[in-house]
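Input sequences plus hints: build the corresponding full structure.
Protein chains in written order, with numbering that gives the first Met the number 0: chain A, 0 to 402; chain B, 0 to 402.
Simulated from the structure, these hints should not be mistaken for lab results. The structure displayed is predicted, hence computed values, not measured ones. Be aware that one or more of the hints could be misleading.
As the list claims (entries may be wrong) - With the C-beta cut set under 8 Å, the calculated list includes, among others, these residues of chain B facing chain A: (1) G84; (2) P88; (3) Y205; (4) E220; (5) G347; (6) L401.
Backbone N, C-alpha and C define an ideal beta-carbon position, used for all residues, glycine too.
2 protein chains.
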Amino acid sequence: MRGFANRATVEAAWAWIDSAIPAFEHLNTEVINAGKAATRILAKDVTSRVDVPSFARSMMDGFALRSEETYGASSYNRLPFKVVGTCLPGVPFSGHIETGQAVRIMTGAPLPAGADAVLPVENTELDGETMLSLGEVSSGKHVGTIGEDIRIGDVVVHQGRQLRPQDIGVISSIGVSHLSVVRRPQVRILITGNELLPAGTTPIGYQIADANGPMLAALIERDGGEVIFPSIVRDEPDAIRQALLDPADIVLVSGGSSVGQEDYAPKLLAELGEVAIHGIAMRPSSPTGMGRLQERLVFLLPGNPVSCLCAYDFFAGRAIRAIGGRSRDWPYRRVLVRLTRKLVSTVGRVDYARVQIHGNEATPMAIGGASILSSTTRSDGFVIVPSDSEGFPDGAQVEVFLY
Amino acid sequence: MRGFANRATVEAAWAWIDSAIPAFEHLNTEVINAGKAATRILAKDVTSRVDVPSFARSMMDGFALRSEETYGASSYNRLPFKVVGTCLPGVPFSGHIETGQAVRIMTGAPLPAGADAVLPVENTELDGETMLSLGEVSSGKHVGTIGEDIRIGDVVVHQGRQLRPQDIGVISSIGVSHLSVVRRPQVRILITGNELLPAGTTPIGYQIADANGPMLAALIERDGGEVIFPSIVRDEPDAIRQALLDPADIVLVSGGSSVGQEDYAPKLLAELGEVAIHGIAMRPSSPTGMGRLQERLVFLLPGNPVSCLCAYDFFAGRAIRAIGGRSRDWPYRRVLVRLTRKLVSTVGRVDYARVQIHGNEATPMAIGGASILSSTTRSDGFVIVPSDSEGFPDGAQVEVFLY
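Shown next, in the form of structure tokens:
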């Protein structure tokens, strides 16, 4: 009960996490409906078995004809064509275009046999069943050729991609209805503390309402995980042991993560599995721990809500994103801004400093307490002060991660 | 059937959309469980009815005592205190601390009556029931005061905010279980085209598989809308009329949006409601239209998939985000990069040019066809060329919106 003997560096904790994540090819996958796959991570390349388009098609509304017959046409030399039919998307012209003939055609409609170009409607006039060409077209003009979008055998989307709306569009267009995507990691939230009431309950006496459970749930959802959060767990060894053993890919334990007598989680993790890191040279969140229990990764997060948020974002979130096939990088947009006053830190420790942003200036928040969660709602983001830095002077340019 | 008489500017279309969106205070709202509210838009300020914390609490593991009694203590002058009890989170010490006494206390536990500070465990030694103080603490040290995080009457989160994980944490800690958020707009997708097979179907003959439906659904989800997409609609006036009248906040019609004979949607919208804009000076997507039908906003999007994506992102997405209380701005991250070759455009028209990015260089895609959806999956983002520009020279710095 004398604090941590040795604190690991943030980099060492990251290295341990990265070593604990399987290679992309070995991540768990599942097959889902392509229409539901946007924002998911594609597990296997998608290769087309069809040409798109699979037939020559018109790119304009106009008239399909033999291009050589338009040569010499102009508004002063209107060349007549007999309109012998109409061609709509999905409804081809059944005949063959002969000399002096044209077929009315719409964008996307299949080009009739015998035609090699489309004369846009803007360059025509109609006179009964006769179309007058007011201009020339060259062979192939306004015709989309077979496979010009996608050819048989093309990889249309590569594995590892977070699927975009247009990827879903392309995949849907080539006859693929189901996709193999990386399975969302199942993340169990284990909130401990006998003083805790369920989130949203009005605090009474010396009981407080849980803030960390719903906050962690939202963070896990953001990072592509699936939340398992049955309820708050009594701060008793048997209850915590059982919850640690319940099924999950990753377990986040909030509270009781330090080295005090009532901090059961580290002892239980050591007993049931392995504590790889316990105590990290950072502020807040120094009592953070991590390890393995059978196939699970377990993160021991401090109960103070700012520390809990910080420890999640530094460590647990990275693991959840990586096991879900996503980028390990911070999920925050970054901006470069100037400090309006100095930001003091201590060499040997990484600092997570909340700042408010006005224009392109950042002001460090005066309140640094790890228990003051409202400091993270009043701030716009945070600055990470590296462990080899004493902080930044007034006016320094710093990188802010925007919440 | 001679093209558009006048094309509106992109700016005019944006101005029409913005004028059609109610002020924030008049957007539709709904009350939901706070635990499900992350990423939603808060409709009303959340004000606290409680102090957080509602009692003085320890910020450290250590001993609660009367601070003046530690004066003079050091490792060379260990001052003894009788340990008279223990204080855990949620479990207060029932007595009153008297002269020469201390109570073992954990982080988060309520400060016992009579104590005014916490001596950290690191500065103590235990000898049976006696604690030896190895250092001094001043009054109030390591004690969190009532309301230091949040006071009664504080607005903890302001209306209009897209709720962050930590906002949900703070809200959960003040006894608020339900929130008023902006209702997600109900967006009906109306895909027309007799040549279309449902998404994911293998194309056969002159039929093609729908790409726009699932792409639009993913875009709408991204922008906070709720998708209504029952099925593809026959390209027949009665079917389209009925679908336009089905309930929705916003209707997106894909296909048949131009001025051809088979383009029913603009005529039906004019008949049933109002066409405000039809034809826009841009490429692709110039046949885009928009208007109102009773309380609905209706967007007529071209059927060509690249045009559909572009028209969505320029216009429909803006309206969906705004009706959902979100930022009207583009939902894409932006980077400044150099062009590896010139990008040619035409004065009088806005161009949407797909580019590939390597390092900090952008290469315009050679394929510009509005039907080549794979050009948007092979590219990394797009450049918008303003209507007063002839394009950008080789080496110019341009802003790219990253997909």
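So, going through the hints one by one against the coordinates:
1. Checking G84/B against chain A: minimum C-beta separation of about 15 Å lies over 8 Å; hint violated.
2. Given hint, P88/B at the interface with chain A, holds; its Cβ is 4 Å from that chain's nearest Cβ, closer than 8 Å.
3. The closest approach between the C-beta of Y205/B and any C-beta of chain A is roughly 5 Å, which is under the 8 Å cut-off, so the hint is satisfied.
4. At a threshold of 8 Å, the smallest CB-CB gap from E220/B to chain A is about 7 Å, leaving the interface hint in force.
5. Evaluation of the G347/B hint against chain A yields a violated restraint, the C-beta minimum of about 17 Å exceeding 8 Å.
6. Here the hint on L401/B is broken, as its CB sits about 10 Å from the closest CB of chain A, past 8 Å.
The structure fails to meet hints 1, 5, 6 from the earlier list, while all remaining hints are met.
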